[in-house]
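There are 2 protein chains.
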Amino acid sequence: MTARVLLPWTDISVPDGLAVSHYDGSGAPPDLREVEFYVLPYDSGPEPPQLITKMPSLRAVQTLSAGYDNLLPLIPDGVRLANGRGLHDLSVAEHALALMLAAQRDLPRWFEQQKVESWDRVHTRSLADSRVLLIGYGSIGRAIERSLRAGDAAVVPVASAARPGVYGVDELPDLLPSSEIVVLVLPDTPRTRGLLGRRELALLPDDALVVNVGRGTAIDTAALTTEVTNGRLRAALDVVDPEPLPAGHPLWTAPGAIITPHVAGGSASFYPRAKKLVEAQLTRFTTGRPLANLVH
Amino acid sequence: MTARVLLPWTDISVPDGLAVSHYDGSGAPPDLREVEFYVLPYDSGPEPPQLITKMPSLRAVQTLSAGYDNLLPLIPDGVRLANGRGLHDLSVAEHALALMLAAQRDLPRWFEQQKVESWDRVHTRSLADSRVLLIGYGSIGRAIERSLRAGDAAVVPVASAARPGVYGVDELPDLLPSSEIVVLVLPDTPRTRGLLGRRELALLPDDALVVNVGRGTAIDTAALTTEVTNGRLRAALDVVDPEPLPAGHPLWTAPGAIITPHVAGGSASFYPRAKKLVEAQLTRFTTGRPLANLVH
Numbered sequence: 032m033t034a035r036v037l038l039p040w041t042d043i044s045v046p047d048g049l050a051v052s053h054y055d056g057s058g059a060p061p062d063l064r065e066v067e068f069y070v071l072p073y074d075s076g077p078e079p080p081q082l083i084t085k086m087p088s089l090r091a092v093q094t095l096s097a098g099y100d101n102l103l104p105l106i107p108d109g110v111r112l113a114n115g116r117g118l119h120d121l122s123v124a125e126h127a128l129a130l131m132l133a134a135q136r137d138l139p140r141w142f143e144q145q146k147v148e149s150w151d152r153v154h155t156r157s158l159a160d161s162r163v164l165l166i167g168y169g170s171i172g173r174a175i176e177r178s179l180r181a182g183d184a185a186v187v188p189v190a191s192a193a194r195p196g197v198y199g200v201d202e203l204p205d206l207l208p209s210s211e212i213v214v215l216v217l218p219d220t221p222r223t224r225g226l227l228g229r230r231e232l233a234l235l236p237d238d239a240l241v242v243n244v245g246r247g248t249a250i251d252t253a254a255l256t257t258e259v260t261n262g263r264l265r266a267a268l269d270v271v272d273p274e275p276l277p278a279g280h281p282l283w284t285a286p287g288a289i290i291t292p293h294v295a296g297g298s299a300s301f302y303p304r305a306k307k308l309v310e311a312q313l314t315r316f317t318t319g320r321p322l323a324n325l326v327h
Numbered sequence: 032m033t034a035r036v037l038l039p040w041t042d043i044s045v046p047d048g049l050a051v052s053h054y055d056g057s058g059a060p061p062d063l064r065e066v067e068f069y070v071l072p073y074d075s076g077p078e079p080p081q082l083i084t085k086m087p088s089l090r091a092v093q094t095l096s097a098g099y100d101n102l103l104p105l106i107p108d109g110v111r112l113a114n115g116r117g118l119h120d121l122s123v124a125e126h127a128l129a130l131m132l133a134a135q136r137d138l139p140r141w142f143e144q145q146k147v148e149s150w151d152r153v154h155t156r157s158l159a160d161s162r163v164l165l166i167g168y169g170s171i172g173r174a175i176e177r178s179l180r181a182g183d184a185a186v187v188p189v190a191s192a193a194r195p196g197v198y199g200v201d202e203l204p205d206l207l208p209s210s211e212i213v214v215l216v217l218p219d220t221p222r223t224r225g226l227l228g229r230r231e232l233a234l235l236p237d238d239a240l241v242v243n244v245g246r247g248t249a250i251d252t253a254a255l256t257t258e259v260t261n262g263r264l265r266a267a268l269d270v271v272d273p274e275p276l277p278a279g280h281p282l283w284t285a286p287g288a289i290i291t292p293h294v295a296g297g298s299a300s301f302y303p304r305a306k307k308l309v310e311a312q313l314t315r316f317t318t319g320r321p322l323a324n325l326v327h
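Chains as they are written, first to last, in the working numbering: chain A, 32 to 327; chain B, 32 to 327.
Worth flagging that the hints you see were computed from the coordinates, not collected in a lab. These figures come from a predicted structure and were not determined experimentally. Just so it is clear, CB atoms sit at the ideal spot from N, CA and C, and this is done for glycine as well. One should not assume that every hint holds.
[What the hints assert, rightly or not] Quick list of simulated restraints, FRET-style, between CB atoms:
(1) A/SER191 x B/GLN81: 58 to 64 Å
(2) B/SER191 x A/SER209: 40 to 46 Å
(3) A/SER209 x B/GLY58: 29 to 35 Å
(4) A/ASP201 x B/GLN81: 53 to 59 Å
(5) A/SER149 x B/TRP40: 27 to 33 Å
(6) A/GLY169 x B/VAL153: 22 to 28 Å
(7) B/VAL153 x A/GLY279: 21 to 27 Å
(8) B/GLU78 x A/THR260: 37 to 43 Å
(9) B/ASP201 x A/GLY279: 55 to 61 Å
(10) A/SER209 x B/GLY117: 23 to 29 Å
(11) A/ARG230 x B/ARG152: 42 to 48 Å
(12) A/ARG162 x B/ASP42: 14 to 20 Å
[As the list claims (entries may be wrong)] Per the computed footprint, the stretches of chain B lying under chain A, defined by three or more beta-carbons under 8 Å from a beta-carbon of chain A, are:
(13) 121-135
(14) 151-158
(15) 175-187
(16) 270-278
(17) 295-307
[Claimed, not checked] Which residues of chain A face chain B? A few of them, derived with a C-beta cut under 8 Å, are:
(18) LEU203
(19) LEU207
(20) TRP283
(21) ALA285
Kindly produce the complete structure, drawing on both the sequences and the hints.
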């Protein structure tokens, strides 16, 4: 019997004995009645998840995101769900590095000068030799650390609890005053919410740069906004609280603020890793072995 | 007898037995008649070099640039000249990385969106997984390579002649067609001029990114301009030929072009290295040992 799989791409290797159809999140989906294995198109809005409810033969769903809370209510009993844990790590780490370099090497200034065709030159800060406090030390944090060390920055890693070579969050009051850059790579949990509040931000030295590529809730947005709009701190944020950042919010226009719209995870480096995962999952599926990254 | 040294900074350690005065390139210089060792302020215009001719006691000049051609006509016989070879390597490598990330991760797009307070999201290219042809494999090239490898890009190093693990420039026709990014880190010499001409650029795949942090003469500017303005190639250039890029030049406004005004070497990471060099040179000077980095 031929199992039917619904995939978002045409250019991956599929094990023999599978009937493949395609849906990339745009246009009308194909016949869904026989689909047994559904790989959701990545970051394609609310439509693709809703199709789950129209697949009576469904046995497994693969999402390419790390988060899956929005899918759980749609997954019937007996249907397995696997997530995309790790697929976006490198993309997020790369965007964090891009934000740090943009802020330290004055890229917004150069892009403005380009528009008025100006060759004015000034010396800039650097990322090299900077002391970077890296809060959140999972696989994304370690990828950021590798790039920073390759560029001769000094990295101070911080995790929820201290361990050899890694500080604990309870040590932040001692670490913040000597940190020129703080990078947050934290999920949204009760313990991370508001971790950088008014008091913690006040401990940073003048001109320090606050970078966030985790979840916006880890920072007290109002407190950060005050410090950035009055020019004492700088910020480069891919995530904010709330999201989207509301129109008219002072962070949009503060001179020391760089805002990107939660795009750290969505770069091309994700696709080869996603395709490799799906190929391996389909092999497991056809040979009856348990899927990796199961979350339901 | 007390030797007098003229330094651009007040915050460095100077060996005993030296009388120090300061000149950072701004304002009026101090009394120059007894200056024996002159450290030129970095990148401060034409005034500081001219002072050399007003120092009758001069024995040694230290420039903090790698280039020194403009100084040679001013240096009297018997006066030594040492250059700043290597001091800017890390700064240049870091700027090259910033340019690559800005282009691959669409930073100009996000900065424009920030101005209109837009949270629109699109997926971008990545630097990770890109195949990067690195032309020029001295200390700057190797620093760029370390950062690229840390970020999971594939690096293909090219030097003037092939050696184990490094391709020769004569192999460029074979290497260009599979390179998504080309980074040039070449000095201006008769052999490097026009290295990337119309034919070489035509060998690059569509959408490839050309990055230059060496000297502008290595690229045929007219040929690159054609490829970028017609949208086939992209460019991120800190150096161009000629410099400054003339007002009205089409590269200023081409959608796929990022221009920075020859600022790769001028970031803060340069200063600690420059101060360390000067401290070591002053120790050599006072103990009668030959200076490092002598070029005259």
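Cross-check of the supplied hints:
| no. | hint | verdict |
| --- | --- | --- |
| 1 | A/SER191 x B/GLN81: 58 to 64 Å | 59 Å, holds |
| 2 | B/SER191 x A/SER209: 40 to 46 Å | 44 Å, holds |
| 3 | A/SER209 x B/GLY58: 29 to 35 Å | 33 Å, holds |
| 4 | A/ASP201 x B/GLN81: 53 to 59 Å | 58 Å, holds |
| 5 | A/SER149 x B/TRP40: 27 to 33 Å | 29 Å, holds |
| 6 | A/GLY169 x B/VAL153: 22 to 28 Å | 26 Å, holds |
| 7 | B/VAL153 x A/GLY279: 21 to 27 Å | 23 Å, holds |
| 8 | B/GLU78 x A/THR260: 37 to 43 Å | 38 Å, holds |
| 9 | B/ASP201 x A/GLY279: 55 to 61 Å | 59 Å, holds |
| 10 | A/SER209 x B/GLY117: 23 to 29 Å | 28 Å, holds |
| 11 | A/ARG230 x B/ARG152: 42 to 48 Å | 33 Å, violated |
| 12 | A/ARG162 x B/ASP42: 14 to 20 Å | 18 Å, holds |
| 13 | 121-135 | holds (count 10) |
| 14 | 151-158 | holds (count 8) |
| 15 | 175-187 | holds (count 6) |
| 16 | 270-278 | holds (count 4) |
| 17 | 295-307 | holds (count 6) |
| 18 | LEU203 | 25 Å, violated |
| 19 | LEU207 | 21 Å, violated |
| 20 | TRP283 | 5 Å, holds |
| 21 | ALA285 | 10 Å, violated |
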